[in-house]
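*Asks:* Here the protein sequences come in this chain order: G, S, L and Y.
Here my numbering is used: the first residue of the first sequence is 1, the next is one more, and so on.
Here my numbering is used: the first residue of the second sequence is 1, the next is one more, and so on.
Here my numbering is used: the first residue of the third sequence is 1, the next is one more, and so on.
Here my numbering is used: the first residue of the fourth sequence is 1, the next is one more, and so on.
Where hints are given, some of them may not hold.
[Claimed, not checked] Taking lysine-lysine and the DSBU-like style, the derived pairs with C-alpha atoms no more than 30 angstroms apart in a straight line are:
hint, chain 1, residue 1, chain 2, residue 2
1, G, K268, S, K297
2, Y, K115, S, K21
3, Y, K104, S, K21
4, G, K297, Y, K21
5, G, K115, L, K104
6, L, K104, G, K268
7, Y, K115, S, K104
8, Y, K173, S, K268
9, S, K115, Y, K99
10, L, K173, G, K268
11, S, K21, L, K173
12, S, K104, S, K92
13, G, K21, L, K115
14, G, K297, S, K268
15, Y, K104, L, K297
16, S, K268, Y, K92
17, G, K21, L, K104
18, G, K104, L, K268
19, L, K21, L, K115
20, L, K21, S, K297
21, L, K115, G, K104
I should point out that these hints are in silico values taken from the structure, not numbers from a laboratory.
4 protein chains.
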Amino acid sequence: MTVYLTPSSNSVEPPLGSDLKGARLLISCPDAPGIVAAVAQFLYRQGANILQSDQHSTDNGHGRFYMRVEFQAEALNSRFATLQAAFVSVAKRFDMEWKMTRAKLQKRFAVFVSKEDHCLRELLWAWQAGDLWGQPVMVISNHVEVQSLVESFGIPFHHFPVNSDTKPAVEEKQLQLLQGQVDFLVLARYMQILTPQFVSHYPLQVINIHHSFLPAFVGRNPYGRAYDRGVKLIGATAHYVTPQLDEGPIIEQDVQRVDHRYGAEDMKRMGRRIERTVLVRAVQWHLEDRILVHGNKTIVFPS
Amino acid sequence: MTVYLTPSSNSVEPPLGSDLKGARLLISCPDAPGIVAAVAQFLYRQGANILQSDQHSTDNGHGRFYMRVEFQAEALNSRFATLQAAFVSVAKRFDMEWKMTRAKLQKRFAVFVSKEDHCLRELLWAWQAGDLWGQPVMVISNHVEVQSLVESFGIPFHHFPVNSDTKPAVEEKQLQLLQGQVDFLVLARYMQILTPQFVSHYPLQVINIHHSFLPAFVGRNPYGRAYDRGVKLIGATAHYVTPQLDEGPIIEQDVQRVDHRYGAEDMKRMGRRIERTVLVRAVQWHLEDRILVHGNKTIVFPS
Amino acid sequence: MTVYLTPSSNSVEPPLGSDLKGARLLISCPDAPGIVAAVAQFLYRQGANILQSDQHSTDNGHGRFYMRVEFQAEALNSRFATLQAAFVSVAKRFDMEWKMTRAKLQKRFAVFVSKEDHCLRELLWAWQAGDLWGQPVMVISNHVEVQSLVESFGIPFHHFPVNSDTKPAVEEKQLQLLQGQVDFLVLARYMQILTPQFVSHYPLQVINIHHSFLPAFVGRNPYGRAYDRGVKLIGATAHYVTPQLDEGPIIEQDVQRVDHRYGAEDMKRMGRRIERTVLVRAVQWHLEDRILVHGNKTIVFPS
Amino acid sequence: MTVYLTPSSNSVEPPLGSDLKGARLLISCPDAPGIVAAVAQFLYRQGANILQSDQHSTDNGHGRFYMRVEFQAEALNSRFATLQAAFVSVAKRFDMEWKMTRAKLQKRFAVFVSKEDHCLRELLWAWQAGDLWGQPVMVISNHVEVQSLVESFGIPFHHFPVNSDTKPAVEEKQLQLLQGQVDFLVLARYMQILTPQFVSHYPLQVINIHHSFLPAFVGRNPYGRAYDRGVKLIGATAHYVTPQLDEGPIIEQDVQRVDHRYGAEDMKRMGRRIERTVLVRAVQWHLEDRILVHGNKTIVFPS
């Protein structure tokens, strides 16, 4: 379950020149002595300078080892393939799954959305403001409400009405449209449940925002149920989508205080702000290769 | 379900002189025009000065009306019974359930605890520091670990070992011991589930601290399950105990951020701080008659 | 200093039909017995139903009394002038400063901004989403960067380049433009200091967002100074503008955690989110007449 | 200004056996390529296993490099001196200031306190609960209020009345008493300003809790001034003491929301909880060698 190591070879170069000179090395392997030494030694010999390095060991050093290194080096562009090839021997020695990516390459993503546009807007806005180093290449919706918004950003919009009967056929068309065009998907309040069949094409590459503090209020209408239960905090959760509804690895969560004066509608309105914040954080971390997955949990190495 | 209006006639006077001169009026009734006017007019004619007044209407003014008023008046001690008698006609007019209490009277409570003492300590400490205007009259435990701590505060300690076979008999003895001695109970990490039969003697008068952000992780071992689920925030919940385990009206909740470096033990340690804070807030609000219950929810009028 | 009682008679009716049927009564007066009774009695006799009522007494009931009541009544539109006239006798009895406003009337405001558009965007967006019940009637800037954004929302944009020499003349022109068109002003990252002369035309009617947790880092470059000081939380403050720079009554503040990895630029980026949230909250409260000013402090009666 | 590298050779062994088997290596040096590789290689060759490793580069890799490594190794006790000696050559190569400590050694500290006991209590309690791996060896106070509390924990209490005239002489006596007995000092609401002369004996080894969100409200009576300014959040700050009052490197800060209903006394009461939390965090991090100082800022590598 280490799909995050899939090469993102189909990532595009940014249209304009970038000063994102560095690269990232992500590693997952059985824990063992000498891993950090070997990786650091490798980078040093290649003339690379470590900018940031984070690591995590599960089970007190007797489980799995995770590492993320940001580094810089001269002439990285021309030497990148060589660098990757040279790392293979280190990786083999420790039975690593690994990925090396250039920071300047932008991951491409599609956004799925229904009628509510707040999460989509926040994503597009953060992208336009330069806070998200990625490329939203299309927006897919089962409704048309967000079309003009999307097109005002110069992003293609695709309308796919769907119901339970047509879902398999619609998903098939969506998969064809996405094929080779995107690295991952963002469900920005897409009120349809994707089939396991669909999800299997993008393992740990579909980020969903759920409008509750999971695992509380799995499923439909979480604000209504939060209101009925009389909770004193409402929340939102960004997670990777797996075949089990709302059960995938949690990337980020946040909450805000409510009290008896808040009706379900007030919670919904207030929750929009939390959803926006939480989803953008999760997408940003995904874009910057900051999220590693261990079983059903995430390890997030923050900026 | 408006048990909060039970008279707390058995509350004790504080041992030392107090400047808590005021009184509180709590009201619950069907919503109707003129309630606030009638209450305010009544207090004005009685020469009372309103210090704080809070109200809440459910269903946009078409449901139930809740109100809490703090007021002061000259010679309140000698006039209190007269004041209560005089209010009866106002109460009848609006079909009110109501309670009038003098602020200087301290509610008496028993604390139930097992081995972990952090919530008990925080309560005793807050009480000693004068932050809790109430009287802890005894501590009951199914273990002996906290005995010397309790007795160092000059509070009687009672040891009731219990298992599933002896529980009915033990609870019977506990009820006899509590009879007439306390106004409410605090379960400060009491790792036993009280029988519905026991709880029925103290309806909405038993406050429990649950070590999760309810309704997530109802039941046993919430920190372990929070760890397994990979949540990014852990929490605690203070609630009134009802026959349904962990389903009673929530009084207060809070959370704190965790990440992949936190093991289940770290979460437990960190959670202790949240539990302490949340439980003391709930007990303080209960002591100050700030909590009203509407169905399975609380209305908290904060200080 | 109770300028909030200035009649907002120049507020416009919303273009489309609204179901905001209620009205608000705001009161400030010397504390005395019987105020609540008199107000509640008045509303009851007028057939008004109280939806929400908040009050605050300074100096433990020996200072000034503040109150905000939301109420509904049949045929409020046609009866509103009568209602206001009838209240005069109550107001005189308690020496009240007061204001009665219909909830459906939208206050009109101008937004001042320089180059950074995040606060402006958030305001326009919240307005478009229906979260701000008010009317942004123009945007004024000393730069042109935000012009197309503003015009895409169908809002007039006015460009006023300014420097220290031209400031008096420019402000004179701005005042002429604003005259009779707006109820209040929002400085959404306007990097010019308004002259006391200008501010005196809009006393307690100019809301500014300052990018620090005031009173820390008054003045220029707060993020840079926060970085230099090594604080562990950064914040933002919305306040009313007075002639003393960054010293006016604070409406709202919030903070977010940072650590040693955050450079001044990261703080700036992160701070944008706090600024957006804090400013929109303050503007919303101002629009809904939730803010009363006592000396140099605000009393905010939240929704 | 890298006093944190002072050897803590006078730390005591814990009285009872401990399973804290590991060690910590703290490094500060000019940034350069190959540091991580050299350190990791060194530890690997010594048979040490890295448990946690954190690093930070100032000025984007062109300033100073800070690192903290937790590691385990067989027979660490007997080999520790050898390990230290062996590291000297690595340290010389990179011009490092460094410190290697065994995790099981407890730092010894004195607590200075005046009359208010909440911070002292929290420290003693956290220590008793096993959350603070250190040794409070004495409490020094200019008052006697906390004496019985301190002695109930079996800790020596020393009473040093002090005024501005006697301060130099009193500090001289305190220094004699502390000499060789403690590794650092904690000012747990000690309402005296230590002279620069005194502080110079414990550079970056005196932790103070200030009852405001610094740099707001430097100096006396911060809650009163926070109340007067009308802030919407109150806070507390733990920092290292330097000769400049309240200007030393900030270790930790936190805040809590207040509103117009909070008087200065309420803020004080509420602030106690923030102070307690913030101070204990800072002391815990200091005890675990998690704090490095760069200029007037701290780098905290959290657990």
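*Asks:* Each of the hints needs a verdict: does it hold here or not?
*Replies:* Taking the hints in turn, this is what the structure says about them:
Proposed proximity of K268/G and K297/S is supported: the alpha carbons are some 18 angstroms apart, at most 30 angstroms. Distance hint between K115/Y and K21/S is fulfilled; the C-alpha atoms sit about 28 angstroms from each other, no more than 30 angstroms. Between the alpha carbons of K104/Y and K21/S the distance comes to roughly 55 angstroms, so the proposed pair goes past 30 angstroms and is violated. As the CA atoms of K297/G and K21/Y are separated by approximately 28 angstroms, the hinted pair is consistent with the 30 angstroms bound.
Between the alpha carbons of K115/G and K104/L the distance comes to roughly 27 angstroms, so the proposed pair stays at or under 30 angstroms and holds. Taking the CA atoms of K104/L and K268/G, the gap is near 22 angstroms; set against the 30 angstroms cutoff, the hint holds. With a C-alpha separation of about 27 angstroms, the suggested pair K115/Y and K104/S falls inside the 30 angstroms cut-off, and the hint holds. Taking the CA atoms of K173/Y and K268/S, the gap is near 43 angstroms; set against the 30 angstroms cutoff, the hint is violated.
Of the supplied pair hints, the one linking K115/S and K99/Y is violated, its CA atoms being roughly 40 angstroms apart against a limit of 30 angstroms. The straight-line distance between the Cα atoms of K173/L and K268/G is roughly 43 angstroms, outside the 30 angstroms bound, and the hint therefore fails. Taken as a hint, the K21/S and K173/L pair is broken in the structure, with Cα atoms around 59 angstroms apart against an allowance of 30 angstroms. Between K104/S and K92/S, the direct Cα distance comes to roughly 27 angstroms. Compliance with the 30 angstroms bound is thereby established for this hinted pair.
This hinted pair checks out: K21/G and K115/L have alpha carbons roughly 28 angstroms apart, not beyond 30 angstroms. Pair hint K297/G plus K268/S holds up; C-alpha atoms about 18 angstroms apart against a cutoff of 30 angstroms. Note on K104/Y and K297/L: the hinted pairing is violated, with a Cα-Cα distance of about 51 angstroms set against a maximum of 30 angstroms. Of the supplied pair hints, the one linking K268/S and K92/Y is violated, its CA atoms being roughly 43 angstroms apart against a limit of 30 angstroms.
The hinted pair formed by K21/G and K104/L fails the criterion: a straight-line CA distance of about 55 angstroms is larger than 30 angstroms. Distance restraint check for K104/G and K268/L: the Cα-Cα separation of roughly 22 angstroms lies within the 30 angstroms cut-off, and the hinted pair is therefore satisfied. For the suggested pair K21/L and K115/L, the alpha carbons sit about 39 angstroms apart, so the restraint of at most 30 angstroms is broken. At most 30 angstroms may separate the alpha-carbon atoms for a hinted pair to count; K21/L and K297/S meet this at roughly 28 angstroms.
Between the alpha carbons of K115/L and K104/G the distance comes to roughly 27 angstroms, so the proposed pair stays at or under 30 angstroms and holds.
When the structure is compared with the earlier hints, violations turn up for hints 3, 8, 9, 10, 11, 15, 16, 17 and 19 and for no others.
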